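Number of protein chains: 2
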Amino acid sequence: MKKDFPLKKVYTLLESGPVILVSTACGRHNVMPMSWHTMIDFDPPLLGCVISDESLTFKNLRATKECVVNIPTREIAPGALACGNVSGAKVDKFAKFGLTPVEAAKVKAPLVKECYASLECRLHDASLAGKYNLFILKVVKAWVDTAKKPATFHHRGGSDFFIAGRTVKLRAKK
Amino acid sequence: MKKDFPLKKVYTLLESGPVILVSTACGRHNVMPMSWHTMIDFDPPLLGCVISDESLTFKNLRATKECVVNIPTREIAPGALACGNVSGAKVDKFAKFGLTPVEAAKVKAPLVKECYASLECRLHDASLAGKYNLFILKVVKAWVDTAKKPATFHHRGGSDFFIAGRTVKLRAKK
Chain H
4 MKKDFPLKKV YTLLESGPVI LVSTACGRHN VMPMSWHTMI DFDPPLLGCV
54 ISDESLTFKN LRATKECVVN IPTREIAPGA LACGNVSGAK VDKFAKFGLT
104 PVEAAKVKAP LVKECYASLE CRLHDASLAG KYNLFILKVV KAWVDTAKKP
154 ATFHHRGGSD FFIAGRTVKL RAKK
Chain Y
4 MKKDFPLKKV YTLLESGPVI LVSTACGRHN VMPMSWHTMI DFDPPLLGCV
54 ISDESLTFKN LRATKECVVN IPTREIAPGA LACGNVSGAK VDKFAKFGLT
104 PVEAAKVKAP LVKECYASLE CRLHDASLAG KYNLFILKVV KAWVDTAKKP
154 ATFHHRGGSD FFIAGRTVKL RAKK
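Which chain is which? The protein sequence lines are H and Y, in order.
FYI, in our numbering the residues of the first sequence are 4 to 177.
FYI, in our numbering the residues of the second sequence are 4 to 177.
Don't take every hint at face value.
Identical copies carry no separate label here, and so any pair may be met within one copy or between two of them.
To be verified - In silico DSS-like links for lysine-lysine, alpha-carbon gap of 27 angstroms or less:
id	residue 1	residue 2
1	K11	K172
2	K172	K116
3	K177	K62
4	K134	K68
5	K151	K172
6	K12	K134
7	K6	K116
8	K176	K116
9	K152	K172
These aren't lab readings, by the way, just hints derived from the structure by calculation.
Model, not experiment: these values are computed from the prediction.
Whenever a hint applies, use it, and build me the whole structure from the sequences.
Here it is in structure tokens:
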């Protein structure tokens with residue numbers, strides 16, 4: 004079960020570079036995986052996402068100014084990755100790849116039920132969307148299943164990934 | 004030994020979200036760790052980096068329009084992280100934390116010898132540096148020790164990190 008999560012802790016979910024699933028709604032729901040994202044500010048949390056201008060997600064985000072950033076774990080990797088190989092213009096990717104859209108609280112784009120975390124976002128700044136496909140999003144509501152040990156997956160190119168291992172404490176040298 | 008690495012493969016080093024060490028030179032060498040970065044384009048590789056405007060790195064990058072993005076591994080984590088707790092305005096962090104500056108090929112900022120990868124960068128676009136501390140950098144030369152299995156470390160907030168495990172193949176559902 005995902006629960007409300009403090010916005011000022013959102014950076015702890017994203018800055019380690021997990022593959023994310025960006026969901027949008029504009030008519031039919033759509034969802035795509037990607038890895039090109041970064042935190043930009045802590046609170047309110049701003050994030051930068053680079054989204055191909057050939058994708059339906061790009062069009063939907065421009066049109067609706069909303070999306071949800073969902074963080075999948077290893078268990079659903081095959082379905083999550085499959086969402087990157089076909090266009091939502093042709094296929095209902097939720098239905099085809101076993102993902103469940105769930106109503107969000109503040110945006111019309113759906114949460115992905117199978118992801119351990121979902122961040123409802125509003126488009127904050129599209130000034131570099133034309134030049135670099137870079138959108139700056141503001142997280143307005145965060146949902147996290149804190150019971151899960153998140154085995155996020157992280158892209159190394161092609162079909163190579165690594166799975167996040169257990170969390171360790173690393174201390175700075177004094 | 005780090006060797007020349009193809010620019011079009013730079014994304015494989017960065018999109019999994021490792022902690023990086025950004026080195027600059029403006030008078031004395033400086034270096035700081037951070038996690039807020041994303042790929043923006045493949046070839047030439049562009050990357051976005053969010054660098055605090057309270058840091059010496061911010062000032063140096065603005066002034067020299069150059070830096071090196073170095074990728075450390077677990078072995079040097081204590082020294083790498085310590086570089087984030089003190090300002091280069093007060094201390095020579097290379098000397099204090101056991102890092103070795105090595106001359107780069109195309110920029111004046113130094114490579115960090117102890118890092119398995121180093122990317123020489125020129126400032127490409129600072130149009131959002133004032134508003135978000137966001138710099139867009141172009142990688143002009145990449146050096147990688149491909150013999151190393153890179154145990155990069157990835158931040159989860161505070162002193163929590165995970166270490167990248169072995170690379171696995173993940174396939175999309177058909």
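Contradicted hints - numbers only: Violated: none.
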